[in-house]
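*Asks:* If you read the sequences in order, they're chains A and B.
Going from the first sequence to the working numbering is simple: count from 1 and add 915.
Going from the second sequence to the working numbering is simple: count from 1 and add 26.
Source of the hints: derived by calculation from the structure; they are not laboratory data.
Check each hint, because a few of them may be wrong.
[To be verified] BS3-like cross-link-like pairs, simulated, lysine-lysine; straight-line CA separation at most 27 Å:
no.	chain 1	residue 1	chain 2	residue 2
1	B	261	A	1193
2	A	1022	B	228
3	A	1022	B	47
4	A	967	B	85
5	B	121	A	1022
6	B	123	A	944
7	B	167	A	1022
8	B	168	A	1078
9	B	199	A	1078
10	A	967	B	47
11	A	1015	B	89
12	A	967	B	121
13	B	168	A	921
14	A	944	B	47
15	B	82	A	1078
16	A	1208	B	199
17	A	1078	B	47
18	A	944	B	121
19	B	166	B	47
20	A	1022	B	291
21	A	1022	B	273
22	B	123	A	1078
23	A	1022	B	166
24	B	86	A	1078
25	B	169	A	1235
26	B	86	A	967
27	B	86	A	1015
28	A	944	B	170
29	B	228	A	967
[What the hints assert, rightly or not] Stretch by stretch, here's where chain B covers chain A in the computed footprint (C-beta under 8 Å, at least three residues):
no.	segment
30	984-991
31	1016-1022
32	1071-1081
Beta carbons are placed, not taken as given, at the ideal position from N, Cα and C, and that holds for glycine.
Each chain, letter by letter, is given below.
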Amino acid sequence: MDINEKSIKIWSTIGSRATLGIAALDLAKEIDNLMILTCDVSTSAGLDRFRKTYPEKYLDLGIAEQNMIGVAAGLASENFNVITTTFAPFQTMRCCEQIKVNIGYMKQKICMVGIASGLALGTFGYTHCCIEDVGVLRSIPGMTIISPADSLETVKALRAAVKSENPSYLRLTGASNNPIIYNQDYEFKIGKSITLKEGKDITIFCAGSMVHQSLEAAKILETRNVSSKVVNMHTIKPIDKLAIEDSCNSELIVSVEEHNVIGGLGSAIAEHKSSLKKSPKQLFLGIKDTYSKGGNYKFLQEKHRLTPDKIAEDILLHIK
Amino acid sequence: MIINAVDQIKNIKNFAFRVRKNILEMAVAAGAGNAHFGGALSITEIVSTLFAYQMKIDKKNPKWEERDRFILSKGHACLAYYAALCEVGYISNNKLKTFEKNDTDLLGHPVINRNLGIDFSNGSLGMGLSLGIGVAISSKKKKKNFNVYVIVGDGECNEGSIWEGAMAAPNFKLDNLYVIIDKNNFQQTGSNKEIMNVGNLKDKWSSFGWYTVELDGHNIQELYNFFKESKKIDKPKAIIANTIKGKGFSFSENNNDWHHSILSKSFYEKAIKELKKE
Chain A
916 MDINEKSIKI
926 WSTIGSRATL
936 GIAALDLAKE
946 IDNLMILTCD
956 VSTSAGLDRF
966 RKTYPEKYLD
976 LGIAEQNMIG
986 VAAGLASENF
996 NVITTTFAPF
1006 QTMRCCEQIK
1016 VNIGYMKQKI
1026 CMVGIASGLA
1036 LGTFGYTHCC
1046 IEDVGVLRSI
1056 PGMTIISPAD
1066 SLETVKALRA
1076 AVKSENPSYL
1086 RLTGASNNPI
1096 IYNQDYEFKI
1106 GKSITLKEGK
1116 DITIFCAGSM
1126 VHQSLEAAKI
1136 LETRNVSSKV
1146 VNMHTIKPID
1156 KLAIEDSCNS
1166 ELIVSVEEHN
1176 VIGGLGSAIA
1186 EHKSSLKKSP
1196 KQLFLGIKDT
1206 YSKGGNYKFL
1216 QEKHRLTPDK
1226 IAEDILLHIK
Chain B
27 MIINAVDQIK
37 NIKNFAFRVR
47 KNILEMAVAA
57 GAGNAHFGGA
67 LSITEIVSTL
77 FAYQMKIDKK
87 NPKWEERDRF
97 ILSKGHACLA
107 YYAALCEVGY
117 ISNNKLKTFE
127 KNDTDLLGHP
137 VINRNLGIDF
147 SNGSLGMGLS
157 LGIGVAISSK
167 KKKKNFNVYV
177 IVGDGECNEG
187 SIWEGAMAAP
197 NFKLDNLYVI
207 IDKNNFQQTG
217 SNKEIMNVGN
227 LKDKWSSFGW
237 YTVELDGHNI
247 QELYNFFKES
257 KKIDKPKAII
267 ANTIKGKGFS
277 FSENNNDWHH
287 SILSKSFYEK
297 AIKELKKE
C-alpha cells in the first residue's frame, strides 16, 4: 500500500480505528487465508468496506466475545490467519479465559485488535475505557503486545503482527485527528523500540497516544534546561531490554502510559530494570490505580495528568 | 472387513468394552491421584461409537487433513478419550499408564498434541463448542467436507458461552457440526436439579435452531442408527444423550462420589469382575 504524505495525513485525520479497516483491506489482497472476526462493531472498527469487499473473509459473531475467541481459535487451528477486533475491554477482558486457554495455552496464532483503548471513550464511562488490557494480557505467556504511536504505526504494526508466527494484541489508543508521529515510511520491528528524540538528562519511555504527549512534554522540558530522550516503546511485550539498559545513564527514567500504572508499560520496564546492577529511579506516569469520574478524552487526560504540561510538571518535581 | 450393521455394532461394543477396561487401568494407575471417573464412564459408548464407527479417521495418520475433528469440551472426561485414542492406535498402552504422572502428555484434561490425535486443549468448561464452530466453518471454507463432533456435559450447559455457541452455529448453517450433550444429570457437587436446573435441554437446543434428538447414550444400536442417518439432516445437530454417571459398575452408577475419586485396588478388582463383554 502507498505510504506517502497524503495517505499519512488521511489516516491521521480518520484515526487509528478507521485506518485499521484500510490496512485490513490491503492485507486481504495478499493473504488468501485471512479472516477478520468482529462482534457487531464493523462500523466502529472501520470494517464496513472490508465486510462488503471480502464477505468470505469476514465473520460477525454478534455480541458474543467469548464465542468469537473460540471460533477464531478453531479457524486458526485450521491454518486461517485470523484477526479479531472489538472495543478493547470486550476484546481482552470479557473473553480473557478464552484468550488464556485458546491463544496462550493452546498457542493458536490470532491477532487481536482492541479498539478505543485507554481513555478515548471517557464520556461513555469506564465500562468502555480500557486501562487494564496490557496488565491482564501481559501475564499470558507467549502474547505479543503492541501499542502503536499513530495511524501509520497502526498500519505497520497490524501488518507485522498478522505476518508474525506469534499471537498478538494491538492496543489502539487515541481518537480521530490522531497526531502524526511518523511523517514518512520507516522500519518497524516487533520488539525493537524507536528513539524519536535524543537527550542526555532523562529518558522517557512511552507508547500509543502518549508518544505525542511525551514529545511535546520534552519540548517544554527543553525550555527548563532538561534534555530528554524520548523512546517509542511500541512493543510492550516482549519489552526492548537493550533500550532499557541503554537508558541507565539517565538521571531519571520516566514511563508514560494511558493505562493503569500497575501492570502496563511502566511495570514491564521496571521488571527488567530491577535486574540491572545500577539503574536510575523510575517515575511512573499513567492512571494511578483509580476509576475517576468520567468525561471527554481531553478532560480525562488532564485529570490523569497525561497532557504535555502536566507530564513536564511531574517530571520536574522528580529531578534534582 | 466389516460389512453389515450387526458386525458394526458388535465392533463398537467390543471397542467400548476395551475403553471401559482402559479407564479402569488408568484410574487405578493414577493411584492416590484422583481421576474423573464418573463422567468418563457416562460417555464411553458415545466416544466408542464415534471413534469405532462414525468418524472418518486414518488409523495410521492422526494428522490426516480430511479427518473428522473431535473436541472433548468436558475435558475432565479425558479417561474415555485417551482410552479411545489407544484403541485407534494413536496412544500406546504404556503411554496410557503415564496418565496424570509428572511430565506426562496425558494430563487430567486434554492438552493439544496432534501426534497423539488430541486436536485441542480443553478443561475449562464451556469453550469447546466455539472451537467446534470455528473448525466447522473451516471445513466449509476449505471445501474439505469433514465433520466436527463436540461432547459437552449437561452441567457444562450452565456456562453462558455454550449458549453463545448454540446461537451462532445455526446462524452459520453448520450442518457438519454435531454436539453430543452427555446428560448424566449430575455435576460436581450434586444433581443438576440441586445445583442448577438445566431444564428441558431438547427444547432449549431446538429453540436455538438445532436439529435435536434425544436417545439413550449407552445404547450403541440407538447411537449407531442416529449417526447412520444423520448426514441427511441439513442443520447442526444436538444429541441429548441420556446417560448414567459412573455407568458400568455397581458402586459408581449414579453415585456422585465417583465424580472425581481414587480407584483403590479393591474397587478396581471389583470393577474388573463386573466388567462384562457382550
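*Asks:* Run every hint past the structure and note whether it holds.
*Replies:* Right, here's what the structure says about each hint:
no.: 1; hint: B:261 - A:1193; result: 65 Å, violated
no.: 2; hint: A:1022 - B:228; result: 35 Å, violated
no.: 3; hint: A:1022 - B:47; result: 33 Å, violated
no.: 4; hint: A:967 - B:85; result: 43 Å, violated
no.: 5; hint: B:121 - A:1022; result: 24 Å, holds
no.: 6; hint: B:123 - A:944; result: 50 Å, violated
no.: 7; hint: B:167 - A:1022; result: 22 Å, holds
no.: 8; hint: B:168 - A:1078; result: 21 Å, holds
no.: 9; hint: B:199 - A:1078; result: 31 Å, violated
no.: 10; hint: A:967 - B:47; result: 55 Å, violated
no.: 11; hint: A:1015 - B:89; result: 25 Å, holds
no.: 12; hint: A:967 - B:121; result: 51 Å, violated
no.: 13; hint: B:168 - A:921; result: 39 Å, violated
no.: 14; hint: A:944 - B:47; result: 54 Å, violated
no.: 15; hint: B:82 - A:1078; result: 33 Å, violated
no.: 16; hint: A:1208 - B:199; result: 45 Å, violated
no.: 17; hint: A:1078 - B:47; result: 47 Å, violated
no.: 18; hint: A:944 - B:121; result: 46 Å, violated
no.: 19; hint: B:166 - B:47; result: 37 Å, violated
no.: 20; hint: A:1022 - B:291; result: 39 Å, violated
no.: 21; hint: A:1022 - B:273; result: 35 Å, violated
no.: 22; hint: B:123 - A:1078; result: 41 Å, violated
no.: 23; hint: A:1022 - B:166; result: 23 Å, holds
no.: 24; hint: B:86 - A:1078; result: 33 Å, violated
no.: 25; hint: B:169 - A:1235; result: 68 Å, violated
no.: 26; hint: B:86 - A:967; result: 43 Å, violated
no.: 27; hint: B:86 - A:1015; result: 32 Å, violated
no.: 28; hint: A:944 - B:170; result: 23 Å, holds
no.: 29; hint: B:228 - A:967; result: 37 Å, violated
no.: 30; hint: 984-991; result: holds (count 8)
no.: 31; hint: 1016-1022; result: holds (count 5)
no.: 32; hint: 1071-1081; result: violated (count 0)
Of the hints listed earlier, those the structure fails to meet are numbers 1, 2, 3, 4, 6, 9, 10, 12, 13, 14, 15, 16, 17, 18, 19, 20, 21, 22, 24, 25, 26, 27, 29, 32, in rising order.
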